[in-house]
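Just need the whole structure built from these sequences, with the hints factored in.
As given, the protein sequences belong to chains E and W, one line each in that order. Using the numbering used here, you'd call the opening residue of the first sequence number 1 and step up by one each time. Using the numbering used here, you'd call the opening residue of the second sequence number 1 and step up by one each time.
To be clear, the hints were calculated from the coordinates, so they are not data collected in a lab. A portion of the hints provided could be inaccurate.
Stated by the list, open to error - Here are the computed distance ranges between Cβ atoms for each label pair:
(1) Tyr101(W) to Val54(E): 42 to 50 Å
(2) Leu6(W) to Lys37(E): 17 to 25 Å
(3) Glu53(E) to Val97(W): 51 to 59 Å
(4) Ala43(E) to Ile98(W): 22 to 30 Å
No residue lacks a Cβ here, since even glycine has one placed at the ideal position from N, Cα and C.
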Amino acid sequence: MKNKIKIQRAIHNLTQDDLARKISVSRQTINTMEAGKYVPSTALALKMARLFEVSVEELFQLEEGE
Amino acid sequence: MKKLPLLPHVCQRIGILALVPFLALGIAHMGWDYTLPWLTYHANSKDGIDFSTNSNFTDEVAAVGIIVSLVLIAFSKEKVEDEAIQFFRLASLQWAVIVNYVVLVICILSLYGGVFFTVMTINMFTILFFFIIRFRYVLFQHNKADA
Chain E
1 MKNKIKIQRA
11 IHNLTQDDLA
21 RKISVSRQTI
31 NTMEAGKYVP
41 STALALKMAR
51 LFEVSVEELF
61 QLEEGE
Chain W
1 MKKLPLLPHV
11 CQRIGILALV
21 PFLALGIAHM
31 GWDYTLPWLT
41 YHANSKDGID
51 FSTNSNFTDE
61 VAAVGIIVSL
71 VLIAFSKEKV
81 EDEAIQFFRL
91 ASLQWAVIVN
101 YVVLVICILS
111 LYGGVFFTVM
121 TINMFTILFF
131 FIIRFRYVLF
141 QHNKADA
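Set out below in C-alpha cells:
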C-alpha cells in the first residue's frame, strides 16, 4: 500500500514528531508508516486524513495486484 | 485499534529484577539439585498428607517465579504503546508459538527418556522466552529505522 503521509506532512509543515503527537503515536511509527513497512488501522488512517483535511483515498492507495 | 489489556510499564522492570534470582534458582536446582532448606515441608502423620517423595518446594518456587517474571516482562506496556507496537507484539507472539512448537516437534522426534523430560521442563518457559527475544528484536529494528 502506498501513502502520501510524507507529502501531506510537508504541505502542512509538520515534523514526524509533531504528527506523532497530534495522532498519539510514536515518532518511530510515523517513520515506519511513511516507509510503507506498517499499514495503519482504519481509525489511525481516518485521524490522519482529518488532520490533513484530505480523504483517506488521497492519503492511501492500493498498489497494483493488491 | 482496540487496545490490548496490558500491565503497567513498571512491571517490566520488576519482572527483569525478579527473573534473575528465580532463573538462577531454577538452573541451580535442575543442574545441581540445589534446594533451599527452609522450603522443606516436614509432614507428620497427623496431617494425613504424604510428601514422602517430594517435600521440598524449591522447584515449585523457581518455576512459578520464572513464569510470573516472564509474564511481567512479556505483557507490560512499552513507554509509548501505540498500535504499531501492538501489531509487533501480536506478530512476535505468533512467531514465538510457531518456533516453540517446531523446536518441540524436533525434540519429540529426536530425544528420548531423561533428556526429553528435561526438554519438556524447559519447554514450559521457552514460549515466553522466544516471544520476549523476538519482540525486543523487532522493537530494536523499529527504533533503529528511525535513527
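We went through each hint and held it up to the structure:
1. Tyr101(W) to Val54(E): 42 to 50 Å: Holds - the Cβ-Cβ distance for Tyr101(W) and Val54(E), about 45 Å, lies within 42 to 50 Å.
2. Leu6(W) to Lys37(E): 17 to 25 Å: Holds - the Cβ-Cβ distance for Leu6(W) and Lys37(E), about 23 Å, lies within 17 to 25 Å.
3. Glu53(E) to Val97(W): 51 to 59 Å: violated (43 Å)
4. Ala43(E) to Ile98(W): 22 to 30 Å: holds (29 Å)
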